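Protein chains: 2
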Amino acid sequence: MSWNKDKTDCCETTHQDSHYSPGYYWLGNNTLKVPLVLHKENRQRLVSLFLSNHKETIQKNSYILLEGGKSVTLYDSDHEPLFKQEKYFFWAFGSDMPDCYGLISLDDALNPISTLVIPKLPAEYATWLGEIHSCEYWKSIFLVDNVIFVEDMTEFLVKNNATTLYTLSGVNADSGNSLTTPKFEGIEKFNVDTKLLYNDFSECRVYKSPKELEVLRYACDASVSAHKAVMKNIKIGMKEYESEAEFLHHSYKHWGCRNVGYTCICAANANSSVLHYGHAGEPNASTIRDGSMCLYDMGAEYHGYSSDITCSFPANGKFTEKQKIVYNAVLDASRSVIAAMKPGVNWVDMHKLAERRILSHLLTAGLLQAANGVDELIENKIGSIFFPHGLGHFLGLCTHDVGGYGGDAVPKVNSLRTTRTLKAGMFITVEPGCYFIDHLLNGAIADPVKSKYLNIPVIETYRKFGGVRIEDDVFVTENGCENYSSDLPRTVEEIESFMKK
Amino acid sequence: MSWNKDKTDCCETTHQDSHYSPGYYWLGNNTLKVPLVLHKENRQRLVSLFLSNHKETIQKNSYILLEGGKSVTLYDSDHEPLFKQEKYFFWAFGSDMPDCYGLISLDDALNPISTLVIPKLPAEYATWLGEIHSCEYWKSIFLVDNVIFVEDMTEFLVKNNATTLYTLSGVNADSGNSLTTPKFEGIEKFNVDTKLLYNDFSECRVYKSPKELEVLRYACDASVSAHKAVMKNIKIGMKEYESEAEFLHHSYKHWGCRNVGYTCICAANANSSVLHYGHAGEPNASTIRDGSMCLYDMGAEYHGYSSDITCSFPANGKFTEKQKIVYNAVLDASRSVIAAMKPGVNWVDMHKLAERRILSHLLTAGLLQAANGVDELIENKIGSIFFPHGLGHFLGLCTHDVGGYGGDAVPKVNSLRTTRTLKAGMFITVEPGCYFIDHLLNGAIADPVKSKYLNIPVIETYRKFGGVRIEDDVFVTENGCENYSSDLPRTVEEIESFMKK
Chain A
0 MSWNKDKTDC
10 CETTHQDSHY
20 SPGYYWLGNN
30 TLKVPLVLHK
40 ENRQRLVSLF
50 LSNHKETIQK
60 NSYILLEGGK
70 SVTLYDSDHE
80 PLFKQEKYFF
90 WAFGSDMPDC
100 YGLISLDDAL
110 NPISTLVIPK
120 LPAEYATWLG
130 EIHSCEYWKS
140 IFLVDNVIFV
150 EDMTEFLVKN
160 NATTLYTLSG
170 VNADSGNSLT
180 TPKFEGIEKF
190 NVDTKLLYND
200 FSECRVYKSP
210 KELEVLRYAC
220 DASVSAHKAV
230 MKNIKIGMKE
240 YESEAEFLHH
250 SYKHWGCRNV
260 GYTCICAANA
270 NSSVLHYGHA
280 GEPNASTIRD
290 GSMCLYDMGA
300 EYHGYSSDIT
310 CSFPANGKFT
320 EKQKIVYNAV
330 LDASRSVIAA
340 MKPGVNWVDM
350 HKLAERRILS
360 HLLTAGLLQA
370 ANGVDELIEN
380 KIGSIFFPHG
390 LGHFLGLCTH
400 DVGGYGGDAV
410 PKVNSLRTTR
420 TLKAGMFITV
430 EPGCYFIDHL
440 LNGAIADPVK
450 SKYLNIPVIE
460 TYRKFGGVRI
470 EDDVFVTENG
480 CENYSSDLPR
490 TVEEIESFMK
500 K
Chain B
0 MSWNKDKTDC
10 CETTHQDSHY
20 SPGYYWLGNN
30 TLKVPLVLHK
40 ENRQRLVSLF
50 LSNHKETIQK
60 NSYILLEGGK
70 SVTLYDSDHE
80 PLFKQEKYFF
90 WAFGSDMPDC
100 YGLISLDDAL
110 NPISTLVIPK
120 LPAEYATWLG
130 EIHSCEYWKS
140 IFLVDNVIFV
150 EDMTEFLVKN
160 NATTLYTLSG
170 VNADSGNSLT
180 TPKFEGIEKF
190 NVDTKLLYND
200 FSECRVYKSP
210 KELEVLRYAC
220 DASVSAHKAV
230 MKNIKIGMKE
240 YESEAEFLHH
250 SYKHWGCRNV
260 GYTCICAANA
270 NSSVLHYGHA
280 GEPNASTIRD
290 GSMCLYDMGA
300 EYHGYSSDIT
310 CSFPANGKFT
320 EKQKIVYNAV
330 LDASRSVIAA
340 MKPGVNWVDM
350 HKLAERRILS
360 HLLTAGLLQA
370 ANGVDELIEN
380 KIGSIFFPHG
390 LGHFLGLCTH
400 DVGGYGGDAV
410 PKVNSLRTTR
420 TLKAGMFITV
430 EPGCYFIDHL
440 LNGAIADPVK
450 SKYLNIPVIE
460 TYRKFGGVRI
470 EDDVFVTENG
480 CENYSSDLPR
490 TVEEIESFMK
500 K
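One line per chain: the protein sequences are A and B, in this order.
So that you can map any letter, position 23 of the first sequence is 22 in numbering that gives the first Met the number 0, and since no number is skipped, the others follow by simple counting.
So that you can map any letter, position 28 of the second sequence is 27 in numbering that gives the first Met the number 0, and since no number is skipped, the others follow by simple counting.
Simulated from the structure, these hints should not be mistaken for lab results.
Mixed in with the good hints, there may be bad ones.
Subject to a maximum C-alpha distance of 25 Å in a straight line, what follows is the list of computed SDA-like cross-link-like pairs (lysine to any residue) [claimed, not checked]: (1) A:Lys-321 with B:Trp-127; (2) A:Lys-83 with B:Ser-174; (3) A:Lys-194 with B:Tyr-74; (4) A:Lys-321 with A:Asp-289; (5) A:Lys-231 with A:Asn-482; (6) A:Lys-69 with B:Pro-97; (7) B:Lys-231 with B:Ser-485.
Because the structure is a prediction, the values reported are computed rather than measured.
Next comes chain A alone, as it looks inside the complex:
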């Protein structure tokens, strides 16, 4: 772009270099240009599934009604944390604007009429928060059929003879929380159904479309690149949070990822045995010590879609013998699972496979003992002492994405976030781990049945070892699966060679 002299202090700002342009979300430079037709296709998928499952029930002039996230302030203050959109609404509309609603007509499965309902902004919005755009502008951005104001929603629905509004209400099994039922002035004029939609909608989110996969691949690529930068720059004596700073910077500056899907876990030393280290109470504040393992679980997010990747590696770049034993146990579990994953395979079996591989390595290395081999260890639940979490979870707009407890899932098995049979289109993390967690070891040693399988003197030498987790983001294809985070150095040799460079 060239400027003539007269114009040098009056820069035009145009919306081609905002994050939105008609039909696209894009942060410029080398970042991914996301076609917002992704969300139009999502709406079509949803309506099509919902109508086919409830042909008999759904009457003419019915709508899906979604409520987007509200802008919130912290406690009594006017501090607004960076807004994050409610994810069902985002899945369907792709808009990161607070205080919106969305309406999707159920009259036509192939081309459902969609209406984005936005707040009417006061004139001073332009002073404080930016240009106020017209409904036509937003219509062109989000590829919806209508954009109307919240205050006109009832009139719009009445004019269209709306009968039933299907809204989301259902318990998210990971959190135990439910979405709140949408409220707006005039809602009492309609029949509101809070039951029928939830299962179909969460099921729809389980299967990732080609366009969603492009975004997920990009988020994974960003994380892989940032994880590598962190591994390259790690130095003994650094604080763990310096690695977090590096990851956040790399994925934001070079990949446009302003958010991470979850708080960064940068655990060195024995902290690597704390599964969700890094929160405000344990803020990645230890000094990284020579000889320690690092377990870094960090995932960049782009256009709302999150990656979730863990790298474990020795802080000084060279594995000790003990570190090799534990690392190779987890790597074998990881590679065995990924080799076995395909449609028709049950996730509980994959978890058991991972557990079996880990136990088998610990047995061979002499940490465990069992006259009848690994089967005996499994029967006596020795696995969860060292691998106390589930093998993985669905991943998408949420880090723990919805749908894990739907489909053919059985009631919760230990800490597994899903027990479903894999189908093509699912996107799931594979994250076996092996940890030396004081209170679990103490409990097992005190247990007369379990303790006899433990070679306690050897295990004692692993106290304060920390832990190892290897986490990849894997897409289930028609015939097998594809690991979206496969560009990471993963074997002992690859990691040592990568960190030496």
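Starting from the known structure of chain A, arrange chain B on it as the hints suggest.
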């Protein structure tokens, strides 16, 4: 620290390299070691003020009861945003643990007995979130007299014959929100007073203690250093968010500031006229253009205390003539205010002084016209067309800190966040600005009274100029004031010379 060979894969983790040690918060390396006696002194100050103001009312065995922030998840998901403590509770106890309460006895003004009330954590906390520490441990960290569990709070109060519990309830005038009244099982056994405490507590937070000032100085130093790094590294063609990434990285990696007090405003081009640019709807996504002004408003936070600093500078490091005119108008306003600030000076007068300086520059430069000079412009409210926000606000644990509407404040004057008379101990931002905001200019041009003071053809050449804000964090001393962000390049010459290096 040395390691013998046998120990190289079993790193001890000890709490000297956590962020807490007995009596201190510290993130290691060159970060500030904050003595947590700061909060003990805060409690003493609060009790002393509260007792002296309400000698007659407060009976024996009364307590101040505070409720800390609750851990929350986003919408229906289990995603927990990084916990931020409620600020009144933090001011008094310094703890960043969620789900706590605090009790402060009102029986002794000099040495009030303080009790931190913490949740009893389930055993699996140790697996997922980290070591569970004893009450004795937390007592040694936070220098309180007692640490008890939430479930024991009622028994504790009953045993101590508690009569009245004074809690916080009052409207934060910046947000219009109120804190929720604390609730716990058994609270009905006590007399709960929600009226008396709020004003005294917010007034107490207005005056910063020497220890609080050390933390604020550190947060300012971190921001100054990070702003300089951003200015050094800016390049035409970069995205605005790359500057945000740089600021966040610099202040976190080198200064241990994990949080910023507010969302970074990185506005280049005409975006610099959007006062609170940078939110999710305008996510610092423009390309920085040659010839444009940058207005970067970013403030690092350390141990809960926030800085709030704005730098305005030409993206290419060299001011144009127009940029000099606007910049020097704002700089003159800023320096005039800081030169005049001292106890006894009223903030409304400071705002008017800033406005007068800005208008005077615009008049001289021919953007404005007035037969009777600046006074006529002021009488006709021309100032708020170009400077539509208040001169500054209290700063501390909150970016818009509490107390601005207390003391001798008069009902809200335009957008001023305080109208108080300055007193020693106050900490306040000084942030005059001058912006060319389309809808305000259009409104003024359409106004028959205002338009005659505008030299419209000249002003039209400033359309899309954006804006300039210069924001410093200033402490009111006994005799004058001290600018905590004075190490920034601020004059045209300083900025040009700094950016050339």
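Hints, one by one, checked against the model:
no.	hint	verdict
1	A:Lys-321 with B:Trp-127	23 Å, holds
2	A:Lys-83 with B:Ser-174	20 Å, holds
3	A:Lys-194 with B:Tyr-74	18 Å, holds
4	A:Lys-321 with A:Asp-289	15 Å, holds
5	A:Lys-231 with A:Asn-482	22 Å, holds
6	A:Lys-69 with B:Pro-97	23 Å, holds
7	B:Lys-231 with B:Ser-485	18 Å, holds
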